[in-house]
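Generate the whole structure from the sequences, applying the supplied hints.
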Amino acid sequence: MRVFLFALMLSALAGLLGLEVASAHDGVPIDEDQCKIKVGPFSIHFVGYQPAESGTKELCRAVPTTGNTIFVMDLIEPALRSKNIAVALYKGSGEEAADQKLSEIPAHVYSAGFLRLDEDLTEEGRYLVEVAVVDPATGQQYTGRMPIRVGGLILSTAYLLVGAISLLIFGAVGAYLYGVSREKRIGHRSGNA
Amino acid sequence: MNKTTQFARPTSWRRFAAFAVVLACAAIVDAALWSSPVDAHGERNQEAFLRMRTLLWYDVNWSTDEVGVYDGKNGGELVLTGKFHVVEDWPGNITPPDDTAAFLSTGGPGSVMVKKGSYLGGQPAIFSSQVKRGRDYEFKLVMAGHHPGKYHIHPTLMVKEAGPLIGPGAWVEIKGDNSDFAFPMQAMEGTQIPNLATWQLGTVFSWHALWGVIAVLWLLWWIRRPLFIPRMQALKNGREDVLITKADILLGAVLLVGTIGIVFAGVSWANAKYPISVPLQSRIMQIEPLPLPKQTVDVKTLNASYDVPGRSLKAKLQITNNTDKPVQLGEFTSANVRFVNGSVPIAKSAVPGDYPKDVVNEGLHVSDNTPIAAGETRVVDVDATDAAWELERLTSLLNDPDNSFGALLFFYDDDGERHISVVGGPIVPRFL
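Top line first, the protein sequences correspond to chains A and B.
When the letters of the first sequence are read in order and numbered with my numbering, they come out as residues 1 to 193.
When the letters of the second sequence are read in order and numbered with my numbering, they come out as residues 1 to 432.
In short, the hints are calculated from the structure, not lab data.
Take these hints with a grain of salt, some might be off.
Each computed DSSO-like pair below joins lysine-lysine, with the alpha-carbon atoms no more than 27 Å apart [unchecked claim]: (1) B:Lys236 <-> B:Lys83; (2) B:Lys294 <-> B:Lys348; (3) B:Lys357 <-> B:Lys140; (4) B:Lys357 <-> B:Lys314; (5) B:Lys325 <-> A:Lys38; (6) B:Lys236 <-> B:Lys150; (7) B:Lys73 <-> B:Lys175; (8) B:Lys236 <-> A:Lys184; (9) B:Lys236 <-> B:Lys300; (10) B:Lys73 <-> B:Lys116; (11) B:Lys83 <-> B:Lys160; (12) B:Lys83 <-> B:Lys348; (13) A:Lys38 <-> B:Lys357; (14) B:Lys314 <-> B:Lys348; (15) B:Lys150 <-> A:Lys36; (16) B:Lys316 <-> A:Lys57; (17) B:Lys357 <-> A:Lys36; (18) B:Lys316 <-> B:Lys175; (19) B:Lys160 <-> B:Lys116; (20) B:Lys314 <-> A:Lys57; (21) B:Lys325 <-> B:Lys348.
Next up, the structure:
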């Protein structure tokens with residue numbers, strides 16, 4: 001029983017190791033990176049930095065704490081470099097966010113292929129980044145949004161998976177050790193009898 | 001104790017343990033398969049320090065962006081030419097190319113094209129070669145279409161113990177029908193081979209089938225019997241004598257003798273059918289590099305940093321013009337990305353109109369862009385700014401234990417003559 005409980009405790013620890021406070025891009029190539037804003041037919045790579053808190057670590061929808069935050073959007077498709085792009089940051093999510101605009105960058109052409117938005121996030125909670133792309137030739141406009149959560153405990157899918165697998169492995173090892181221990185005890189009692 | 005009780009049914013805890021391990025393995029496999037498909041730019045997965053400080057490719061040209069499926073006569077050819085510089089500041093954790101072998105090839109999704117010829121320094125690159133650090137080499141690849149489709153084709157130098165060092169890529173479309181493909185050739189002793197892709201495939205399949213059948217029969221012989229846990233039980237009960245029977249030993253002996261016999265017969269048959277053959281070649285060629293330039297522009301990196309959110313490599317450079325004409329900095333190229341100085345018309349015109357646009361930008365800026373006079377030494381601030389640093393995943397070098405960059409600088413004089421310099425050094429990330 002002690003062996004089994006010990007194995008169960010190890011499993012729980014393994015599961016806790018699967019929790020991560022903030023998600024990151026983990027060095028994945030941009031093509032496979034899931035941290036993108038879909039703006040009509042275009043994709044824009046989205047990344048956040050909190051230099052004072054975590055240096056060059058790349059953040060996505062989950063920002064671990066309040067403070068100075070830099071959002072950078074990389075224009076994946078070359079066609080975006082000739083379009084007018086505007087960005088706005090709102091506090092909140094959904095309909096309520098429309099009334100709480102914190103900052104914005106007016107429409108501009110970004111021939112270098114990226115744009116940045118610096119903001120001092122003073123409160124925990126939900127935010128919304130809205131990107132608008134306008135084709136200057138046709139006037140066609142597309143809009144995309146990226147919800148962001150600042151603060152709180154965030155579970156990363158990848159690390160949850162690792163935690164679950166660890167739990168299963170430790171569970172299997174624990175069950176095996178318990179069984180071996182039990183058989184030894186049974187064998188010992190039979191020998192004594 | 002009879003054989004039935006020796007191989008007892010596993011107890012419930014063992015079944016639970018086995019089930020849990022199987023579930024864990026299934027989860028791992030599922031996670032490994034759980035990735036989005038990609039069809040190009042696999043070179044971005046390669047470490048940034050490999051792409052910046054091993055080979056620096058330049059003047060790469062693709063003769064066409066469309067070929068047909070090669071049928072032995074028709075289909076056209078893709079001729080891929082260019083040069084590469086072997087960086088002197090080669091990463092210390094990789095065997096230097098001077099001490100190992102390198103082989104010229106292409107990078108693409110499998111054998112979508114076939115190689116008709118390859119040349120390094122003007123010599124046929126049939127064998128592996130050795131290239132020297134600090135020197136430049138010219139290459140040429142002649143390719144033909146095999147599988148229809150649109151593919152990203154790169155020149156690649158496979159360096160032993162370093163891996164594939166990939167040059168820039170361009171999209172090439174192969175049109176036609178795969179069933180039309182043929183690669184005819186004549187062997188040295190006169191045998192006409194109508195299609196190298198299918199030559200003697202029947203023989204290959206037959207040998208594979210023979211060994212496959214033998215392997216499956218051997219496997220079935222064992223798995224029809226009780227396997228791991230009953231055998232472990234037998235061992236624990238001191239009955240290892242029942243694990244291997246006389247029939248097992250006899251079959252093993254037959255298989256051993258039979259395998260040696262089949263191999264011997266196969267070699268005899270092959271030698272009789274093909275009496276004239278050449279062994280696999282293991283020679284390593286010494287390739288003549290391009291001559292060293294008579295006049296140079298020397299560059300020293302005084303400091304370098306990478307502005308992370310600004311997507312900009314900033315460097316302070318000391319430039320000494322040892323040529324006899326004034327020069328301007330026109331291009332900074334590293335890891336197949338070209339940062340062109342848009343203020344230097346000669347530099348802009350040096351980029352071919354059909355060059356892959358996703359790796360060219362006008363993001364090079366020089367603090368003092370006026371021509372550097374002959375004999376002059378000048379310190380300038382240079383920045384190469386573009387989202388390409390992130391899109392090409394070059395910023396991953398900031399997470400390397402050796403944060404160093406490497407690049408080529410192209411200087412141009414008024415006559416359009418180009419002088420190439422190598423630059424590099426430690427780099428630190430900054431937030432500006």
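Going down the list of hints, with the structure as the test:
no., hint, result
1, B:Lys236 <-> B:Lys83, "67 Å, violated"
2, B:Lys294 <-> B:Lys348, "25 Å, holds"
3, B:Lys357 <-> B:Lys140, "22 Å, holds"
4, B:Lys357 <-> B:Lys314, "23 Å, holds"
5, B:Lys325 <-> A:Lys38, "51 Å, violated"
6, B:Lys236 <-> B:Lys150, "61 Å, violated"
7, B:Lys73 <-> B:Lys175, "15 Å, holds"
8, B:Lys236 <-> A:Lys184, "13 Å, holds"
9, B:Lys236 <-> B:Lys300, "72 Å, violated"
10, B:Lys73 <-> B:Lys116, "12 Å, holds"
11, B:Lys83 <-> B:Lys160, "20 Å, holds"
12, B:Lys83 <-> B:Lys348, "19 Å, holds"
13, A:Lys38 <-> B:Lys357, "23 Å, holds"
14, B:Lys314 <-> B:Lys348, "21 Å, holds"
15, B:Lys150 <-> A:Lys36, "26 Å, holds"
16, B:Lys316 <-> A:Lys57, "26 Å, holds"
17, B:Lys357 <-> A:Lys36, "22 Å, holds"
18, B:Lys316 <-> B:Lys175, "49 Å, violated"
19, B:Lys160 <-> B:Lys116, "23 Å, holds"
20, B:Lys314 <-> A:Lys57, "20 Å, holds"
21, B:Lys325 <-> B:Lys348, "20 Å, holds"
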